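Trainee: Each chain, written out:
There are 2 protein chains.
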Amino acid sequence: MKKNIIVGQSGGPTAVINASLYGVIAEGKRHGDEIGCVYGMLNGIEGFMQDRYMNLSQELTDEELEILKLTPAAYLGSCRYKLPEDLSSGFYPMIFQKLKQMNIGYFFYIGGNDSMDTVSKLSRYGASTGSDIRFIGIPKTVDNDLVGTDHTPGYASAARYVAASVREIVLDASVYQQKAVTIVEIMGRHAGWLTAAAALARKEAGDNPLLIYLPEYDFDLEQFAQDVKAALDRQPSVVVCVSEGISDRDGKFICEYDNAAQTDSFGHKMLTGSGKVLEAFIRNRYGVKVRSVELNVSQRCSGMLASAADVSEAARAGEAGVKAALRGETGKMIAFLRKDSPVYELEYVPQDVNAICNKEKKFPAEWITDHGRDVSGEFLAYALPLIQGEVERKMENGLPVYLYQRDGRPVRG
Amino acid sequence: MKKNIIVGQSGGPTAVINASLYGVIAEGKRHGDEIGCVYGMLNGIEGFMQDRYMNLSQELTDEELEILKLTPAAYLGSCRYKLPEDLSSGFYPMIFQKLKQMNIGYFFYIGGNDSMDTVSKLSRYGASTGSDIRFIGIPKTVDNDLVGTDHTPGYASAARYVAASVREIVLDASVYQQKAVTIVEIMGRHAGWLTAAAALARKEAGDNPLLIYLPEYDFDLEQFAQDVKAALDRQPSVVVCVSEGISDRDGKFICEYDNAAQTDSFGHKMLTGSGKVLEAFIRNRYGVKVRSVELNVSQRCSGMLASAADVSEAARAGEAGVKAALRGETGKMIAFLRKDSPVYELEYVPQDVNAICNKEKKFPAEWITDHGRDVSGEFLAYALPLIQGEVERKMENGLPVYLYQRDGRPVRG
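Chains W and P, in that order, are what the protein sequence lines are.
Residues -13 to 399, numbered by our numbering, are exactly what the first sequence covers, in order.
Residues -13 to 399, numbered by our numbering, are exactly what the second sequence covers, in order.
Check before you lean on any hint, since a few could be wrong.
All copies of an identical chain are treated as equivalent in the list; a pair is satisfied when it fits inside any one copy or across any two copies.
Computed list of lysine-lysine pairs in BS3-like fashion (alpha-carbon distance at most 27 Å, straight line) [what the hints assert, rightly or not]:
no., residue 1, residue 2
1, Lys347, Lys(-12)
2, Lys86, Lys(-11)
3, Lys165, Lys189
4, Lys238, Lys325
5, Lys165, Lys68
6, Lys68, Lys275
7, Lys380, Lys189
8, Lys325, Lys309
9, Lys86, Lys345
Since the hints were made in silico from the structure, they are not lab data.
Since the model is a prediction, treat every value here as computed from it, not as a measurement.
Next comes chain W alone, as it looks inside the complex:
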């Protein structure tokens, strides 16, 4: 008997999480002999518990599927929901009852660390009850911090956004003769992968951004002041890139250096980033013009700057997930294995999801150079193939056409 697919998205949005969704739907459709239809849970497992889902094979036309592939954020909606640690919790029978009612044979969850934890728990519970439902994780995170995979879908497009934006900010910052410091704050609470991508912005060696600081290296404010001074002595415009999550040797985040008493005129606490803190610090120390720029959410949701390589890899990860499930795999995440070949090439390999979830892949210490102020050529060689290619997208009125969903129905605009 044919079984159905259900697929969900979870955690923070990326430029290509919908490309993975596209991959699952497209591959599911190609196996009409084994697969009935493809359901999508709305707002992940949290929405599914509220019986919120849609029939993706029925609702989406082929043209809409192609638009979906290039739409950023999360078409099905997302959630941040941690499943109970205790597998004897009543939660599990309830979920499996729902899956059974919908005749689900294949469960796909597209997400990061926490989402892989969901796949791990569901597959372990399933195994303990003899369920034949197959649970597969499709990786996704702009942070690139999942272990067991060369990189994660979503990282490359975010890295390309960072590199292109920093290159343009450097040009913008260099138009005046006056001394000026520009501090760019880049996403990454614990891992420096995205901030490191700022090095790709350099047009030549020794070019801005002159200084790059990652969370993996203890940040020292006095050393930073000296670094900026030395850079200003060399040239008038200094661009610095910092992770949001840089912290000192005591583990205190630099963004926490703002005064706890910092309030607006109503006494409201204001939240500050590491860039803002360093902006005020350098302005006061040296009296030079300082500006800070927080790249913010556009880093993760810019579809316009998505890397074609990333879109294609994300879609293939979804397809590989369906193929693996049909082969009988369960409790796996589709990992990227970079082949040892002269030309960049990936293999899509199912790996034990239990060995992946709840772990964090840090930026390698040996790729941090110049006493924590730069990254190595090895990183550039690692990252360059990932950011290649521009996608060709449907435009209307000068803007990209995206596909979004309202109450389980596709809307184009």
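Could you slot chain P onto chain W? The hints should help.
Mentor: Chain P only, in chain W's frame:
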């Protein structure tokens, strides 16, 4: 006898100020019978006073010229330098002496309000001394606040960046079920043109961004709280766009509502934007999740999202400037006149620069709707033709190739 051209850039960078520079150089080259060479002053009139310039006709190859056309920021460097009000100042004979030495017959200055003031003063001084040098201004500003022209080069690309980014931020902000407010702060200290462009992001009527506030309408914090509350009652994800320069009925900027005592742990004053102030205000008032996003300098310097229409119009403004000068015009700015035709079409018309400089074109009051919370369909009809088209650019290693200048020599990267 052939005369030379000198051209400079001044004020803040835009995505297309180099397209205007391209237009001046390309048109200058086409008139080899009348024009010797095209010089570029480095860092505007300020650098020129220090004898810093380059020979653009000699240094740039045709291929480099094409890259220059699509490079954001200001290739020649910029300055913020106000010429003496007193035309009998010793400054003027000094400048004219330099122009004479270089056999300059045509002076072009690409910039905004202050730059047109420079053109005005130089042309008036020239007229008073019987000089035959022709002074022409080429408009440029993302703020779109120059009078006497339908719009200004640079505005359209920034507007497209705002519209595309807000559309993506709306998608990003809509993935969770929980109530959340996202506040996007957009450039514009006194004019709301750029913030209004956020309305172009809507995929359909009634779509996010639900609320749009411009500096031209008195901002009331209590009304704002009620507006947000009503929007949250309607749907979980509310996206609000505000100009950096919104102010209350007393003329006080909302960004000044942050506490004067707001300092970091070293006692340094921290600078805050209107978005951050409203973020803290709404979070405290309603206890919902609030995020603020400052689009920051990428608005004005993103070459990747430049509008093809803007690039082409900026280049044609430069060309029209050269043609006007050759016809004998001086003391003029090249204005855009939108033809009264069913299809969008522009005329490039020299207008008296004295009637343009030191004035500010506000966003029309009649285009502000819904008691200061939205903009009208008339604005959308005005803005839509401007943001059309994507440029085809040279890419290398997944990133755009730009042309920049070091010590008066072109460098590609």
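Trainee: None of the hints should be skipped; say for each whether it holds.
Mentor: Taking the hints in turn, this is what the structure says about them:
1. Lys347 x Lys(-12): neither (38 Å within a copy, 66 Å between copies)
2. Lys86 x Lys(-11): Answer is within; shortest intra-copy Cα gap is 10 Å, inter-copy 85 Å.
3. Lys165 x Lys189: Result: close within a single copy only, 21 Å intra versus 43 Å inter.
4. Lys238 x Lys325: Classified as neither: same-chain Cα gap 39 Å, cross-chain 60 Å, threshold 27 Å.
5. Lys165 x Lys68: between (49 Å within a copy, 19 Å between copies)
6. Lys68 x Lys275: Between copies only: 19 Å across, 45 Å inside.
7. Lys380 x Lys189: The answer is between: 14 Å across copies meets 27 Å, while 31 Å in one copy does not.
8. Lys325 x Lys309: within (20 Å within a copy, 58 Å between copies)
9. Lys86 x Lys345: For lysine 86 and lysine 345, the Cα distance exceeds 27 Å both inside one copy (31 Å) and across copies (70 Å).
Violation of the numbered hints given earlier is confined to hints 1, 4 and 9; the remaining hints are satisfied by the structure.
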